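*Asks:* The primary structure of each chain is shown beneath.
Protein chains: 2
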Amino acid sequence: MMASLKRGFLAFLLFAASCSDLSAPKRSSVTVAQSDPLASWNDGASKRAIVNFVTRVTGKGSPEFVAVGERIATFDNDGTLWAEKPIPFQLLFALDRVRALAPMHPEWKSKEPFAAVLRGDMTTVAATGEKGVLATMAVTHTGMTTEEFSTVVEEWITTARHPQTGRLYTAMVYKPMLDLLAYLRNNGFKTFIVSGGGVEFMRPWAGKVYGVPPEQVIGSSGKLKFEMREGKPVLIKLPQLDFMDDKEGKPVAIQTRIGRRPIAAFGNSDGDLQMLQWATAGSGRRFALFVHHDDATREYAYDRKDKLQQFNKGWDAAIAQGWTVVSMKDDWKAVYPSRDDQVSQK
Amino acid sequence: MMASLKRGFLAFLLFAASCSDLSAPKRSSVTVAQSDPLASWNDGASKRAIVNFVTRVTGKGSPEFVAVGERIATFDNDGTLWAEKPIPFQLLFALDRVRALAPMHPEWKSKEPFAAVLRGDMTTVAATGEKGVLATMAVTHTGMTTEEFSTVVEEWITTARHPQTGRLYTAMVYKPMLDLLAYLRNNGFKTFIVSGGGVEFMRPWAGKVYGVPPEQVIGSSGKLKFEMREGKPVLIKLPQLDFMDDKEGKPVAIQTRIGRRPIAAFGNSDGDLQMLQWATAGSGRRFALFVHHDDATREYAYDRKDKLQQFNKGWDAAIAQGWTVVSMKDDWKAVYPSRDDQVSQK
Numbered sequence: 001m002m003a004s005l006k007r008g009f010l011a012f013l014l015f016a017a018s019c020s021d022l023s024a025p026k027r028s029s030v031t032v033a034q035s036d037p038l039a040s041w042n043d044g045a046s047k048r049a050i051v052n053f054v055t056r057v058t059g060k061g062s063p064e065f066v067a068v069g070e071r072i073a074t075f076d077n078d079g080t081l082w083a084e085k086p087i088p089f090q091l092l093f094a095l096d097r098v099r100a101l102a103p104m105h106p107e108w109k110s111k112e113p114f115a116a117v118l119r120g121d122m123t124t125v126a127a128t129g130e131k132g133v134l135a136t137m138a139v140t141h142t143g144m145t146t147e148e149f150s151t152v153v154e155e156w157i158t159t160a161r162h163p164q165t166g167r168l169y170t171a172m173v174y175k176p177m178l179d180l181l182a183y184l185r186n187n188g189f190k191t192f193i194v195s196g197g198g199v200e201f202m203r204p205w206a207g208k209v210y211g212v213p214p215e216q217v218i219g220s221s222g223k224l225k226f227e228m229r230e231g232k233p234v235l236i237k238l239p240q241l242d243f244m245d246d247k248e249g250k251p252v253a254i255q256t257r258i259g260r261r262p263i264a265a266f267g268n269s270d271g272d273l274q275m276l277q278w279a280t281a282g283s284g285r286r287f288a289l290f291v292h293h294d295d296a297t298r299e300y301a302y303d304r305k306d307k308l309q310q311f312n313k314g315w316d317a318a319i320a321q322g323w324t325v326v327s328m329k330d331d332w333k334a335v336y337p338s339r340d341d342q343v344s345q346k
Numbered sequence: 001m002m003a004s005l006k007r008g009f010l011a012f013l014l015f016a017a018s019c020s021d022l023s024a025p026k027r028s029s030v031t032v033a034q035s036d037p038l039a040s041w042n043d044g045a046s047k048r049a050i051v052n053f054v055t056r057v058t059g060k061g062s063p064e065f066v067a068v069g070e071r072i073a074t075f076d077n078d079g080t081l082w083a084e085k086p087i088p089f090q091l092l093f094a095l096d097r098v099r100a101l102a103p104m105h106p107e108w109k110s111k112e113p114f115a116a117v118l119r120g121d122m123t124t125v126a127a128t129g130e131k132g133v134l135a136t137m138a139v140t141h142t143g144m145t146t147e148e149f150s151t152v153v154e155e156w157i158t159t160a161r162h163p164q165t166g167r168l169y170t171a172m173v174y175k176p177m178l179d180l181l182a183y184l185r186n187n188g189f190k191t192f193i194v195s196g197g198g199v200e201f202m203r204p205w206a207g208k209v210y211g212v213p214p215e216q217v218i219g220s221s222g223k224l225k226f227e228m229r230e231g232k233p234v235l236i237k238l239p240q241l242d243f244m245d246d247k248e249g250k251p252v253a254i255q256t257r258i259g260r261r262p263i264a265a266f267g268n269s270d271g272d273l274q275m276l277q278w279a280t281a282g283s284g285r286r287f288a289l290f291v292h293h294d295d296a297t298r299e300y301a302y303d304r305k306d307k308l309q310q311f312n313k314g315w316d317a318a319i320a321q322g323w324t325v326v327s328m329k330d331d332w333k334a335v336y337p338s339r340d341d342q343v344s345q346k
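Protein chains in written order, with this note's numbering: chain A, 1 to 346; chain B, 1 to 346.
Source of the hints: derived by calculation from the structure; they are not laboratory data.
Predicted model, so just to flag it, every value in this text is computed and none were measured.
Worth double-checking, as some hints may not be accurate.
Copies of one chain are not kept apart here, so a pair can be met inside one copy or by any two copies together.
[Claimed, not checked] DMTMM-like mimics (lysine to aspartate or glutamate), calculated; alpha carbons at most 25 Å apart, straight line:
(1) Lys85 <-> Glu154
(2) Lys232 <-> Glu64
(3) Lys85 <-> Asp316
(4) Lys333 <-> Asp294
(5) Lys232 <-> Glu70
(6) Lys175 <-> Asp306
The shape of chain A in the complex, shown without the other chains:
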């Protein structure tokens, strides 16, 4: 079917060439036939659905044509653009930071959850529950200026390695999703991240890794305080949560930050369901896609019964609405970028 689509596209180009000047279209038809912008995707229903949608909303003269400015696409981050196991990477960052800051906090040796973190006793850390997580987030994410925090994140993201794969975290982004982001942008889409993760944690590297500039990264955020320090203004990160960008929060964030409804939305868990509902409820052609983690060999396998990142109500909605559900196992030729790709991203 993909081959027939390609043939159809080639036929269209040849038809266009016969109607106008022959030289330019002939050259571009060769380019199109040679390079597949979604080369990391296997031919199948998911890839076809993506290409079909993009063709319908961007094709000149298409009855479902959408103007460039209105081509807004929103992507969840954890589990959609990069991995999120064994726990979301921002929490692994917080644990690394507790270890790095420990020499300045001798009292942590006898204070939970820090003592357990330093001992590597994850069972006790987990037992401290939400209170423990909040305490860990507070000491690692707040009480400093936004610029100081950004510097810490930049250093961590370029050096820290995943406990199971030994890879840099930015080498655990999904190659097919990088291709998809680029494909959409090359077709006039503006791509946004709309993530439950912290906005100040994602921005320092989202530009380099995903090609998404800071102003198109939306996430959860803590309160900030403006103050003058030695005559210079700074913004201090406070330990109070300001906005939680998850579930019902995602359409709210899209409305307050972007101010227009996406025509395409991409997620992987129930936390993304409302974003996909919001995107698909607009008029005209819409697209919604869930990444299904069903590849225990190359990545992780989890869905309806996962404790942290459940894909259950979202899956039911996808089936009922006919949304695209990507099988990482069947639809993706590769999961992570090869070493060469990583270099080329820098």
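Following the hints, complete the assembly by docking chain B onto the known chain A.
*Replies:* This is chain B only, laid out in the frame that chain A set:
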């Protein structure tokens, strides 16, 4: 001085032409000499400061060159991009809405502040103070979906007229600031609005009038509630304030929404001071500008002692820091667009 700058620019182009192919630069040098992107500005210190800044941060090989993605400029709206007297236009919108909704609310005839609004008794309206304003805002701005509100704003902005000038409100934008927005964008800047006004009030028309798309409009906002109505998701505007985008709130909004520090910021009152401080505290060449309302003949004259929009601390800071203070009277050839310009904006 402006003339000498132009001569310098022409000399540069002629020099460039002598180094390479002669045909193209020759043509563009003629264009430059003929059209001034800031034609609505009188030659003077303000205009020179703007052109000097843009030249320094965009000139190839300039030691103060700033990459395109980092060329962020933020603009206040009320009093900076359009007029704000006798009261901010969003409040005039609210009063118009009370009158329009009155037939559905017979009880308003005996309930303040609505009764006073309907009688046109502004003294009594003013006497209801903050409580009265909040009550008026609540009945006119909340309890409906975001899409319903947007439709109401669009209808009002294309039909309602200012009580003193009889102009459409969008005909009370400042022509020199429209030129400035376009000049910056043509030089690779991304222009943002960062206003104390409501974000949902500005977005429906900011694209058409200012060329600023919804995702680059930042403002104050109320809380939103996501809910399903007959199987379709909607966002309901609630009467609780979520974020006040004024004073210290402006740098906070810039950080949470844009995520990078502007290199240029534009305002007109003390509510913009922190935004200008934030923008100018970054490294490299920076630019800050206040519009001073000193033209009682063509617009309004108010500054240090104004009750609603004071320009006092900001003015002191501008003098101390050497920021640009625009005299509307002396620096602007025209204040509002001519009828022809208005047509061309549509």
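*Asks:* Enumerate the violated hints, using their earlier numbering and listing them in ascending order.
*Replies:* none
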